[in-house]
Amino acid sequence: MPETRKADLVFVYVTTGSKEEALRIGRILVEERLAACANVLDGMTSVYRWNGAVEQAEEAVLIAKTRSSLFDRLTDRVRELHSYDTPCVVELTLARGNPDYLDWLRAETG
Amino acid sequence: MPETRKADLVFVYVTTGSKEEALRIGRILVEERLAACANVLDGMTSVYRWNGAVEQAEEAVLIAKTRSSLFDRLTDRVRELHSYDTPCVVELTLARGNPDYLDWLRAETG
Amino acid sequence: MPETRKADLVFVYVTTGSKEEALRIGRILVEERLAACANVLDGMTSVYRWNGAVEQAEEAVLIAKTRSSLFDRLTDRVRELHSYDTPCVVELTLARGNPDYLDWLRAETG
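Same order as they appear, the protein sequences are chains A, B and C.
Under the working numbering, think of the first position of the first sequence as 1, with each following residue one higher.
Under the working numbering, think of the first position of the second sequence as 1, with each following residue one higher.
Under the working numbering, think of the first position of the third sequence as 1, with each following residue one higher.
Think of the hints as simulated: they come from the structure by calculation, not from any bench.
One or more hints might be untrue.
Note that identical chains are pooled: a pair holds if it fits in a single copy or bridges any two copies.
[Stated by the list, open to error] Distance condition first, Cα-Cα at most 25 Å in a straight line; then the derived SDA-like pairs of lysine to any residue:
#, residue 1, residue 2
1, Lys19, Leu81
2, Lys19, Asp8
3, Lys19, Glu31
4, Lys19, Leu70
5, Lys19, Asp100
6, Lys19, Trp50
7, Lys19, Gly43
8, Lys19, Ala57
9, Lys19, Arg73
10, Lys19, Gln56
11, Lys19, Arg77
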């Protein structure tokens with residue numbers, strides 16, 4: 001019986017200044033086996049406070065699917081590649097998944 | 001006082017080959033009470049390694065909102081309905097929520 | 001060495017009837033320091049059961065980034081501002097993050 005409960009795999013949610021930047025970073029993460037897959041969502045609008053004023057900007061979302069053990073290395077790499085000084089890079093733990101998909105995700109990372 | 005802390009409800013994140021496929025699967029999951037609601041996000045670009053090369057494809061995201069106890073049945077159903085051999089089906093635990101919304105979610109599943 | 005493991009910060013996932021509604025609510029949450037940042041994703045299609053029939057509607061997603069300790073106040077505020085009687089407001093815990101980004105997130109909330 002396949003084991004579906006695993007806590008070693010994560011989504012890493014990153015925001016970027018454009019779809020092109022998200023695709024560029026996502027491709028490098030996959031090439032370097034820091035992620036098995038990247039999902040890029042275009043058409044995101046960000047609202048945030050900056051120097052006391054509320055600003056709005058067009059951005060994109062990059063979701064990198066990887067092992068939790070690679071999180072620190074992935075974060076360092078995103079910081080090197082990213083156009084922002086302080087990019088949003090946060091980890092969401094995956095509670096479970098399709099066993100075959102989780103196996104693929106592990107095989108394609110690290 | 002309503003209880004807001006609950007760990008029995010989850011998001012199930014699925015990727016599909018098109019918005020149409022996401023809507024078709026989402027509708028069946030809701031009809032069969034395997035999910036209370038499905039959110040379909042179009043315009044997702046996926047980057048992944050396949051047979052050693054980095055590939056890119058246009059996809060869609062389906063987020064199914066359901067009880068954690070239905071995860072295995074929902075995963076089996078998505079695998080039956082999905083055009084991919086190894087679809088991404090992963091579970092994100094909801095820590096808390098609007099109590100009325102969580103009640104609705106429970107009432108519409110299982 | 002910066003500490004990356006933190007469980008006090010969260011994503012709050014909200015759905016709205018339009019991008020405009022998501023931006024309006026997101027801006028107020030940021031202005032009132034109930035969130036440091038809001039990410040609005042347009043072009044979401046929702047599938048759900050209503051009075052026994054499966055319905056479909058065009059919506060938007062609002063992801064508010066904040067402290068877990070602000071969740072109840074944020075939920076109350078969204079319920080006041082939202083056009084729906086029972087809006088989807090659910091919390092996803094962040095396991096870790098870019099330390100500088102987490103510091104910024106804390107500084108801009110509460």
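Evaluation of the provided hints:
Only within a single protomer do Lys19 and Leu81 lie at most 25 Å apart by alpha-carbon distance; the minimum there is 14 Å, versus 30 Å between protomers. Within a single copy, Lys19 and Asp8 get their C-alpha atoms no closer than 28 Å, and across copies no closer than 29 Å, so neither meets the 25 Å cut-off. Taking the shortest alpha-carbon separations for Lys19 and Glu31, only the intra-copy value of 18 Å comes in at or below 25 Å, while the best inter-copy value is 27 Å. Taking the shortest alpha-carbon separations for Lys19 and Leu70, only the intra-copy value of 24 Å comes in at or below 25 Å, while the best inter-copy value is 31 Å.
Proximity of Lys19 to Asp100 under the C-alpha cut-off of 25 Å is restricted to the inter-copy arrangement: shortest distance 23 Å between copies versus 29 Å within a copy. Taking the shortest alpha-carbon separations for Lys19 and Trp50, both the intra-copy value of 22 Å and the inter-copy value of 22 Å come in at or below 25 Å. Taking identical chains as interchangeable, the C-alpha atoms of Lys19 and Gly43 lie at most 25 Å apart whether they share a chain (8 Å) or sit on different chains (11 Å). In this assembly of identical chains, the alpha carbons of Lys19 and Ala57 lie at most 25 Å apart whether taken from the same copy (13 Å) or from different copies (14 Å).
Only within a single protomer do Lys19 and Arg73 lie at most 25 Å apart by alpha-carbon distance; the minimum there is 23 Å, versus 33 Å between protomers. For the homomeric pair Lys19 and Gln56, the shortest alpha-carbon distances inside one copy (17 Å) and between copies (13 Å) are both at most 25 Å. Taking the shortest alpha-carbon separations for Lys19 and Arg77, only the intra-copy value of 18 Å comes in at or below 25 Å, while the best inter-copy value is 32 Å.
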